[in-house]
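Going down the list, the sequences are from chains G and U.
Position 57 (the first sequence) corresponds to 60 in the numbering used here; numbering is contiguous.
Position 9 (the second sequence) corresponds to 12 in the numbering used here; numbering is contiguous.
The set of hints was computed from the structure by calculation and includes no laboratory data.
There's no promise every hint is true.
As the list claims (entries may be wrong) - Derived, one-sided and incomplete: chain U residues facing chain G with beta-carbon distance under 10 Å:
(1) S5
(2) G21
(3) E22
(4) Q26
(5) V38
(6) D46
(7) L48
(8) G54
(9) F60
(10) D66
(11) R77
(12) I79
(13) E80
(14) V84
(15) F94
(16) P96
Just so you know, these numbers come straight off a predicted model, no measurement behind them.
We treat Cβ as the ideally placed atom computed from N, Cα and C, and that holds for glycine.
Protein chains: 2
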Amino acid sequence: MSEKLKEIAEHWRPKIVGELNGQEVKLVKFQGEFVWHHHEAEDELFLGISGRFRIEFRERVVDVGPGEFIIVPRGIEHRTVADEEASVLLFEPAAVRNTGNIIDPKLTAPMGDRLD
Amino acid sequence: MSEKLKEIAEHWRPKIVGELNGQEVKLVKFQGEFVWHHHEAEDELFLGISGRFRIEFRERVVDVGPGEFIIVPRGIEHRTVADEEASVLLFEPAAVRNTGNIIDPKLTAPMGDRLD
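Full structure from sequences and hints, please.
Here it is, written out as structure tokens:
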């Protein structure tokens, strides 16, 4: 995945790198603060590849480093934050909007972007 | 995941470590040769964590190391081989038999084994 990550310059723009069983595997780089949001019908898995980030929930914060993963269940409000750049693998159903129930002029990413 | 991998002693016995969207995340250790098989209706993702392994297809072989992944599409006959121990993350639909269409007295693993 390190070669594919080199092709990703922007933050918060997930790129599809694999598809299976109606799910997608995406790579994304985080830096800074994302927007609070939730996904109505999709659980999301975040697997740390490099750097550290955290997932903030309303009641707690989970720190995630390389080789660690967290699953955020559907319906749960959350926000991702990375003080320094972090590279992350996502597993989630196909065609999920990254900002869930929110449309954010800067952070809402185009869907369906692929790396070959 | 390194802590969870310490709890896995046997080879070829996937342990469920996460569930989302009807899919399961499993950890497994490979060593030696698996059995040729396919999965009728499930695609499988193999992500290398440590060590190297290969997936043999009838027409080619793919070598997979840490931080690399491969998706084996449903219906495609394959066999996993690791000359030395390799730790692997699997992502696949819930309740998949590890040996697919084959029942092997040694290699077919119990389904539903979980690590907490």
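For which of the previously enumerated hints does the structure constitute a violation, in increasing order of number?
-> When the structure is compared with the hints, numbers 5, 8, 9, 10, 12, 13, 14 turn out to be violated.
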